[in-house]
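2 protein chains.
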Amino acid sequence: MTLDDLLQGTGEWLRGEGPEVDVVVSTRIRLARNLADFPFPNRASALQRGEIESLLRERILQLADSWQFCYFALHRLPELDRQFLVERQLISREHAHANGQRGVAIGKGEASSIMVNEEDHLRLQVIRSGFQLDDAWHEINRLDDALSERVCYAFSEEFGFLTACPTNVGTGMRASVLLHLPALTLAKQLEKFFRALQKMNLVVRGLYGEGTRASGDFYQISNQVTLGRSEDEILRAIRETVPAIVDYERHAREVLVREMRSALQDRIHRSLGTLRSARMMTSEETLDLLSNVRLGVALQLLDDLTVPRINELLLQTQPAHLQKLVGEEMDTDQQNIVRARYLREQLRHVQLN
Amino acid sequence: MTLDDLLQGTGEWLRGEGPEVDVVVSTRIRLARNLADFPFPNRASALQRGEIESLLRERILQLADSWQFCYFALHRLPELDRQFLVERQLISREHAHANGQRGVAIGKGEASSIMVNEEDHLRLQVIRSGFQLDDAWHEINRLDDALSERVCYAFSEEFGFLTACPTNVGTGMRASVLLHLPALTLAKQLEKFFRALQKMNLVVRGLYGEGTRASGDFYQISNQVTLGRSEDEILRAIRETVPAIVDYERHAREVLVREMRSALQDRIHRSLGTLRSARMMTSEETLDLLSNVRLGVALQLLDDLTVPRINELLLQTQPAHLQKLVGEEMDTDQQNIVRARYLREQLRHVQLN
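As given, the protein sequences belong to chains A and B, one line each in that order. Residue 410, in the numbering used here, is where the first sequence stops; the numbers in between run on with no holes. Residue 410, in the numbering used here, is where the second sequence stops; the numbers in between run on with no holes.
Incorrect hints may appear among the rest.
Stated by the list, open to error - Computed, partial: chain B to chain A, Cβ under 10 Å:
{"no.": "1", "residue": "D94"}
{"no.": "2", "residue": "G330"}
{"no.": "3", "residue": "L332"}
{"no.": "4", "residue": "A397"}
{"no.": "5", "residue": "R401"}
Hints listed in this document are in silico derivations from the structure and should not be mistaken for laboratory results. Backbone N, C-alpha and C fix where the C-beta goes; we use that ideal spot for every residue, glycine too.
Put together the whole structure using the sequences plus the hints.
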């Protein structure tokens, strides 16, 4: 598999199917793990980091067929390819921009991945389209078990799994759910939710993790604390919270349709109209406009589009994806022109009802 | 002729042909005249106003065939029809909202009109598409002469024509040119022009006269002073000033095309895209968007539309026109929905290049 093979699809993350997919884009669990016999990456020498990477690469590729991991040495990939992997949520921005020997293993359908030598030696990730927390948990547990048979994890009876940063010690687990909350955003009801979530030790972030703004009304909710709570407790908090948010978002959408139908139609169609006619467009504006269109599809106000199709446009118009599609590196101005042209071509034949 | 006969066309004002029509929408001259034997309308009793109106109506309808005046008694027209005449620039807002016996005579093709019992007994108007100052002057002079053979004007050897408000005494003339200046607006170069115009005793107003904002980058330039200057001097000031502004606007457009082609294309196509997709639209937004589209047509960046077609949309989407087209009175929200639908239908088949 090459990165170009990934380019045409959206992967598991944006498959656009699964439970509650009108509101829940995807469910993701990651586990931070380290090798007992090596210093953490930030303490390891270049030589040691090299040893760690070689070892883990070999062990990961030994894993049974069901994952079908494909391994990429990030330090050998050009910047554009690393950015491409960030946009697909397969590696973190930090992992893309770091130095030294490091890699990522990408499983079948991009449903699982393992970062090597990120902040920790190992960052296991399983992602599912829609709200599939238990399925993701079952899968990552299986991956964790398989891996633990091949390497020796740094583990303390007192603290649990040891990690480079104390905020991950314990379970090393972060479970997160990516939500699309346009109606709650429009109704300006998010603030109170986010305050309530904070009290439950859940954090809200933007689409691309820490410090990113909530582009296109997409929000990631994940657990804050990894220590002093079992995996089950963490999962339970998410499992109990998300359905409530989904209900509130759906209710807010119903209210919008009932009480502001014309204004809503207007917003959705203007967004589509702009996507179909602009000559220059940033990726931020694309996200915002596609978010409105996605709401229109979810509310069956637009016939000729589907959530998977919108997800595809959302991903393909990200900067690195766009440049890989076109086959050349471009500056931001050129990207904005090419992005607008791509969107016009892709949306030209959508029937407006 | 009924008002509904007017509804389908745009009249002379927006015919979209004539000299410099890429920048000069229309040229208009009006003359304020009063009868010697009656008090000004604001001093006249209801009875006298009635007498004045009857007299002038009769004399106007006696005028030779070439004008083919059709007379409407405004005090008998519903509010919507009066608003309709304001939107067509055939009567002033003040004339529409006034009380008492008053009327308007509308000549062939709406190229000439006479308000009766507005601020003055008579307000003669001749309008021409594009920049046709001399033609308009010739025509209104002819109308003035013809009328002066049938009524006795209030005239003083010392002051000239006497008018209800001292600002119109003398020639009683206001010559005005309606300009479309999107490029100078974009380039933020209008302020300095307007200051220069002020020094030449020329005034700048919005599309619908005094106190209206310059919607859609349309500006009216007219003479401030009527006293102490001959008609020739007033006309000369306009005749010498307008070509310079036209040149500056054209130059600003060339600069835009040369230096900001992508941004300009983007702006024009987004405007068209919004006009083709919105579900609610105010008349102000319609003007602004059509202004951008008009610029695109003038610069040959849009193939499938013409200036006359845009002028038609501009007029038909005004509130009273829209209600008359639909055949019922509507509140603003309903108008915004119907306006957006009308624009979508009218622009559906425009090919985007």
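Evaluation of the provided hints:
no. : hint : result
1   : D94  : violated, 57 Å
2   : G330 : holds, 3 Å
3   : L332 : holds, 8 Å
4   : A397 : holds, 7 Å
5   : R401 : holds, 8 Å
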